[in-house]
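2 protein chains.
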Amino acid sequence: MPISGFPEWLPPQRMIEQYVLDKIRSTFELYGFAPLETRAVEPLETLLSKGETSKEVYLLRRLQDSGDTPAKGEDQLGLHFDLTVPFARFVVENHGRLQFPFRRYQIQKVWRGERPQEGRYREFLQADIDVVNRDTLPFHFDTEMPLVIGDVFRSLPMPRAVILVNNRKVCEGFYRGLGFEDTAQVLRTIDKLDKVGPDKVAALLVETAGATDAQAAACLRLAEISATDGSFVERVRALGVTDPLLDEGLGELLQVVETANEHAPGLVRAELKIARGLDYYTGTVYETQLEGYERFGSICSGGRYETLASVGNTRFPGVGISIGVSRMLGLLFGQDALSVSRPVPTCVVVALPSDDRRAECDRIAAALRKRGIPTEVAPTAAKFGKQIQFADRRGIPYVWFPGEPDTVKDIRSGEQVEADASAWAPPAADLHPVVTGR
Amino acid sequence: MPISGFPEWLPPQRMIEQYVLDKIRSTFELYGFAPLETRAVEPLETLLSKGETSKEVYLLRRLQDSGDTPAKGEDQLGLHFDLTVPFARFVVENHGRLQFPFRRYQIQKVWRGERPQEGRYREFLQADIDVVNRDTLPFHFDTEMPLVIGDVFRSLPMPRAVILVNNRKVCEGFYRGLGFEDTAQVLRTIDKLDKVGPDKVAALLVETAGATDAQAAACLRLAEISATDGSFVERVRALGVTDPLLDEGLGELLQVVETANEHAPGLVRAELKIARGLDYYTGTVYETQLEGYERFGSICSGGRYETLASVGNTRFPGVGISIGVSRMLGLLFGQDALSVSRPVPTCVVVALPSDDRRAECDRIAAALRKRGIPTEVAPTAAKFGKQIQFADRRGIPYVWFPGEPDTVKDIRSGEQVEADASAWAPPAADLHPVVTGR
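Sequence order for the protein chains is A and H. If you read the first sequence in the numbering used here, its first letter stands for residue 135, the second for the next number, and so on. If you read the second sequence in the numbering used here, its first letter stands for residue 135, the second for the next number, and so on.
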């Protein structure tokens with residue numbers, strides 16, 4: 135039986151997923167990110183080290199161990215709930231063996247022990263990139279993340295992606311300039327804007343952050359600012375708040391927007407209400423909307439950490455972004471927005487004239503495979519009509535008939551031509567299944 | 135800290151692993167196997183349904199649940215310990231939506247809660263293929279498995295693989311023909327041959343299977359037979375035992391050997407002592423040795439199940455084989471038998487003459503990436519010597535110097551030539567990291 139929160143795709147969806155993963159991976163590699171995979175488990179104390187009790191953790195126990203405690207000398211292990219915590223641990227463990235700045239990508243399943251009723255994924259695939267450096271990490275790496283993600287989405291038959299960008303320094307500096315001391319509390323409240331609306335947020339700012347009505351109104355006006363070009367700077371300035379951190383944040387955010395506009399106009403939008411809630415970002419933050427799917431929220435998020443990891447007095451700052459692959463595909467599959475031309479890799483079925491000719495058919499198949507053409511031999515020496523049906527049901531375009539000479543039939547058009555297994559090739563578009571958007 | 139049994143590779147090893155996985159996958163697809171991934175967890179009762187208490191299972195528990203029992207209405211979940219049990223469950227669940235015979239491959243992590251002291255993997259990657267059909271599965275699918283595995287290994291820069299094949303029907307028929315009733319007990323004892331030697335096995339056959347000395351000796355003589363061609367049939371016949379099941383088994387085994395010899399001489403060896411212990415195979419069984427690594431045991435095993443799954447009165451027989459990817463790579467890495475030409479995908483570093491020219495360098499990088507050339511821009515506008523060192527330390531072959539005109543330098547040879555980012559390409563051998571064997 136299906137288990138709530140643990141999605142499983144049938145082969146056609148899995149083929150689409152692999153296609154998407156291949157495109158993600160090759161784009162990441164074009165930007166020089168090296169592959170990494172970490173183990174699925176971490177000691178519980180590592181998983182909870184950032185106070186992440188909000189991410190529900192699955193703990194592991196050996197069936198053979200009695201009770202709930204791990205065997206002597208063993209840590210309590212849990213499944214990782216993201217790829218950032220394991221990556222930070224990996225950097226700490228291997229910093230002496232890595233070249234910094236270290237660019238890595240990581241495409242793996244993660245698990246969250248959500249309550250099943252919520253209908254959320256409990257197992258899902260993420261595709262992360264991060265750049266981490268020793269001591270300091272130049273800001274320009276923050277401007278690179280949207281370019282990579284933009285290229286990923288441009289390589290896929292999907293709706294257009296818009297990356298929403300903000301900078302915690304803008305918010306924090308603005309709130310400080312307004313006179314707030316507990317700027318984190320203000321940020322947490324602003325983060326509720328989409329859920330509860332501006333009136334409620336204003337009330338909450340007064341209630342929980344000690345804001346005056348004017349301060350609350352100013353915070354809301356900042357959060358309203360949104361621009362696909364550098365005009366947001368003027369609009370923030372027009373609110374009349376000054377603070378050095380605000381200036382720094384505006385400068386950084388402007389760089390992200392300008393670099394993205396140079397690369398692909400419309401790719402990013404400065405969106406000053408983006409807060410990324412409880413995550414430990416210290417500067418740039420990213421969220422991503424798919425056009426037409428805005429109501430489903432962000433499918434790709436991340437930001438800058440001043441301290442991704444630390445070893446003694448050495449800090450390792452980082453910036454990264456994570457594509458929620460399962461979440462994104464779940465949305466698109468739900469709308470039938472992606473399809474694949476056939477549910478098997480096979481391009482050619484070699485028809486079997488009679489059981490005693492299987493060796494001959496195997497030789498034909500081997501010759502085709504040798505030149506990269508995915509081929510199956512028919513499972514039984516049924517009537518040719520049935521063998522053609524075998525191919526047709528699977529969307530396999532070609533059936534090969536051994537003979538003197540051999541012939542190959544495009545079963546879509548009915549066209550049948552003489553062919554030699556050591557030379558014939560299908561049109562490039564037929565060689566592999568093709569993934570298309572709606 | 136590393137956790138015993140949970141291997142983690144540094145990026146160069148991970149690059150090799152990905153290269154190997156890509157080759158495995160593309161070979162599987164050339165034979166028409168469709169991709170499948172199942173969830174990492176199964177209900178405990180599914181995991182134990184074949185009586186597999188010998189495979190140690192990791193159970194899951196939500197951190198937020200008190201005690202050891204799952205929330206009401208939820209099954210006790212455990213991590214899968216192989217890919218066969220989840221595949222069988224998937225077939226049962228989805229048989230109405232699949233086209234039979236159904237060919238699928240599945241490349242995933244599995245987990246076994248072994249005691250840490252044993253130095254065994256507790257998390258490892260397997261790459262499985264299986265063909266499953268409704269009611270009956272023609273025997274020729276058994277002859278196909280070694281061809282696929284042979285092609286996988288021929289595509290990899292690795293020692294030669296030899297697939298050892300046997301057939302349970304040969305053993306069972308032979309033991310029956312000799313007069314044994316509990317043939318399973320004889321098989322289990324013969325399976326200990328490599329561990330305890332023939333004298334001890336003979337004694338055990340007398341002790342636990344009620345064998346006479348002559349019967350025990352005959353069983354051992356059968357187990358000694360080994361041949362890369364059909365000559366094993368004569369040698370079995372020469373032992374003077376007759377039984378219809380023995381005849382059937384010999385005929386099947388001969389087909390596997392002959393088909394493989396036609397495809398790639400030396401690829402398989404009939405090895406009549408192979409028993410595959412406690413697994414539920416009913417006919418053909420496979421093990422695989424890497425030349426030079428025989429002492430480490432099988433790195434790729436499988437066989438035929440008369441009942442892989444069943445739904446009501448409908449049986450789903452299957453045949454499959456599984457490459458132990460982590461185990462195999464662990465062995466090869468341990469002997470430094472595989473290497474990669476550089477630990478990053480990057481082919482070109484664009485040198486940054488000064489910070490104010492980053493946009494220009496980004497444009498050059500974008501032009502190169504657009505044509506599939508993995509490119510990074512130097513992280514800082516350091517002296518060119520330091521920027522060349524940045525590339526050199528990572529094994530990146532080319533450094534690009536923006537100018538009028540641009541030039542590109544092969545830092546291995548020192549050769550520097552004029553180049554245009556919209557036209558230049560490296561030699562094909564430099565474009566991506568190259569994996570080589572020793």
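Since the hints were made in silico from the structure, they are not lab data. Any given hint could be a false lead.
Unchecked claim - Cross-link-like lysine-lysine pairs, in silico, DSSO-like; alpha carbons within 30 Å at most:
#1 Lys504(H) with Lys517(H)
#2 Lys157(H) with Lys243(A)
#3 Lys157(A) with Lys504(A)
#4 Lys243(H) with Lys184(A)
#5 Lys157(A) with Lys243(H)
#6 Lys243(A) with Lys543(H)
#7 Lys517(H) with Lys243(A)
#8 Lys329(H) with Lys157(A)
#9 Lys157(A) with Lys157(H)
#10 Lys504(A) with Lys184(H)
Keep in mind the model is a prediction, meaning the values are calculated, not measured.
Hint-by-hint comparison with the structure:
Straight-line distance between C-alpha atoms of Lys504(H) and Lys517(H) comes to about 28 Å, which keeps the hinted pair within the 30 Å bound. Pair hint Lys157(H) plus Lys243(A) holds up; C-alpha atoms about 22 Å apart against a cutoff of 30 Å. Of the pairs offered as hints, the one joining Lys157(A) and Lys504(A) holds, with about 25 Å between alpha carbons and a cut-off of 30 Å not exceeded. For the hint pairing Lys243(H) with Lys184(A), the CA-to-CA distance comes to about 27 Å; that is within 30 Å, so the pair holds.
Using a Cα cut-off of 30 Å, the hinted pair Lys157(A) and Lys243(H) holds, with the two alpha carbons roughly 22 Å apart. A C-alpha spacing of about 40 Å is found between Lys243(A) and Lys543(H), which places the hinted pair above 30 Å, so the restraint is violated. Taken as a hint, the Lys517(H) and Lys243(A) pair is broken in the structure, with Cα atoms around 42 Å apart against an allowance of 30 Å. Distance hint between Lys329(H) and Lys157(A) is unfulfilled; the C-alpha atoms sit about 48 Å from each other, more than 30 Å.
Proposed proximity of Lys157(A) and Lys157(H) is supported: the alpha carbons are some 17 Å apart, at most 30 Å. As the CA atoms of Lys504(A) and Lys184(H) are separated by approximately 39 Å, the hinted pair breaks the 30 Å bound.
In summary, the structure is inconsistent with hints 6, 7, 8 and 10 from the numbered list given earlier, while agreeing with the others.
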